[in-house]
Amino acid sequence: MEKKSNFAYIAVTALKLLIICAFIATLVAAVNFITKDRIVYNQKLNTALALSDIYEDDGKVFSVSEDGGYEIKDKDGNPVGSCENADEEFSDDIDAVYIIKDKNGEVFGYCIETSPMGFKDEIDLLVAVNPDATVKDVKVISLSETKGIGDKIKERTFLDKFQGKKEGFSLSNAEMKNIIISGATRTSEPVTKAIDGALKQLGVLIGEAAE
Amino acid sequence: MDKENKKTNKRSLFSRLMEGLFDQNPILVQLLGTCPTLATSTSAKNGIGMGLSATAVLILSNLLISLLRKFIPKQIRIAAYIVIVSGFVTAIELLIKAFLPSLDASLGLFIPLIVVNCIILARAEAYASKNPPLDSMLDGLFMGLGFTFALGVLGILRELIGNGTIWDIDISMGVYPGISFFTQPAGAFVTLGVIIAVVNAVKAALSKRKGGNK
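Chains A and B supply the protein sequences, listed in that same order.
Position one of the first sequence corresponds to residue 1 (my numbering), numbered consecutively onward.
Position one of the second sequence corresponds to residue 1001 (my numbering), numbered consecutively onward.
Among the hints, a few may not be true.
As the list claims (entries may be wrong) - Only pairs whose alpha carbons sit at most 30 Å apart, straight line, appear in this in silico DSBU-like list of lysine-lysine:
| hint | chain 1 | residue 1 | chain 2 | residue 2 |
| --- | --- | --- | --- | --- |
| 1 | A | Lys139 | A | Lys154 |
| 2 | B | Lys1045 | A | Lys154 |
| 3 | A | Lys165 | A | Lys44 |
| 4 | B | Lys1045 | A | Lys36 |
| 5 | A | Lys165 | A | Lys154 |
| 6 | B | Lys1074 | A | Lys16 |
| 7 | B | Lys1045 | A | Lys120 |
| 8 | B | Lys1074 | A | Lys139 |
Worth flagging that the hints you see were computed from the coordinates, not collected in a lab.
Start from the sequences and build out the full structure, keeping to the hints where you can.
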């Protein structure tokens, strides 16, 4: 009899906690449903701003188009090119690869969105690549790394080290030693490898296109 | 009779507001939540943003915990509180990401940490689990305002002394370069210590005057 009442007590307690969890999960799901499109739009807007910053000298301004892609205009608002999503299967870290073309259809760059795992969470990176497959620039779109340590990867002194790098640069110990930030290895190392990984993926894509 | 009750309620509301802001201020008096206080008070915008986010979580979690106080078994109450608080924190985090992206960029890392902010669990355990919903909501509001007030003052002082700006506006017209020590964690400790000392001195002076009047 006592065993039965113990079981009933455990079952009721567990059921009550389950009900509370289910209620909270429903609430979070509802808020997620309301906010998810807006969050994706904000992320794309950040990427568009970063791309505009990278191609500022070329007079190109990027914005988010209605279909969720990117539009390229000049400073007067006239369309000057396109940003096509390379719709292929990529490795886990690569979120998207965009081929940036001028209005004549000539490729003047590539843009790779990649999100390697940092020390705490995923780091959203934007790697802009020249037509000759060397790095043009790297921007950190978002990160949740420790302030004053891991977030040093946002500094230009770190990001500028990647300019002009070619695929496979991270295989050299000397290169890695020069790039990695001492004290923030667990953030700067995955970022460095992710940038090289992005170049590798792009190399495959360019190779396939050439074939 | 009704008028008298209303008067008593109004007076108690005011005294509870004062309690939250000064007498029982979670940061300046109870010294709770020091970690987010020091980390997020680098500027007025960050401090007030963090304070208001925590206030929203405090009000909502106090309300739900109070509504469920007879439903939640005593033995699993902490687990239930954590689930409730973390649910509201996640919801607030998503809303900030969607509608206040600039605040998310500067506070993003600290918003999820509101889940383990001891002010919220302390108010759930000490107040919301024993009092009716409206009272619990008001407790969350007043304690949250106290938290926001302390974070706001700390943020304004640190930003002003550290950068010469308030709310990102350069009020020194570029004349004052700022003392970067105050934007660092050590500067946060010193500034918080000075604010606590000033609040204590004012309180001591006020209670002395009250004693003298008697």
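Here is how each hint holds up against the structure:
1. Lys139(A) to Lys154(A): 8 Å, holds
2. Lys1045(B) to Lys154(A): 21 Å, holds
3. Lys165(A) to Lys44(A): Since the Cα atoms of lysine 165(A) and lysine 44(A) sit roughly 26 Å apart, the hinted pair holds (cutoff 30 Å).
4. Lys1045(B) to Lys36(A): Distance ~25 Å between lysine 1045(B) and lysine 36(A) Cα, so the pair holds.
5. Lys165(A) to Lys154(A): Holds: lysine 165(A) and lysine 154(A) sit about 18 Å apart, inside 30 Å.
6. Lys1074(B) to Lys16(A): At roughly 12 Å apart (the allowed maximum being 30 Å), lysine 16(A) and lysine 1074(B) satisfy the hint.
7. Lys1045(B) to Lys120(A): Status holds; Cα separation ~25 Å.
8. Lys1074(B) to Lys139(A): 50 Å, violated
Against the hints set out earlier in the document, a violation occurs for number 8 only.
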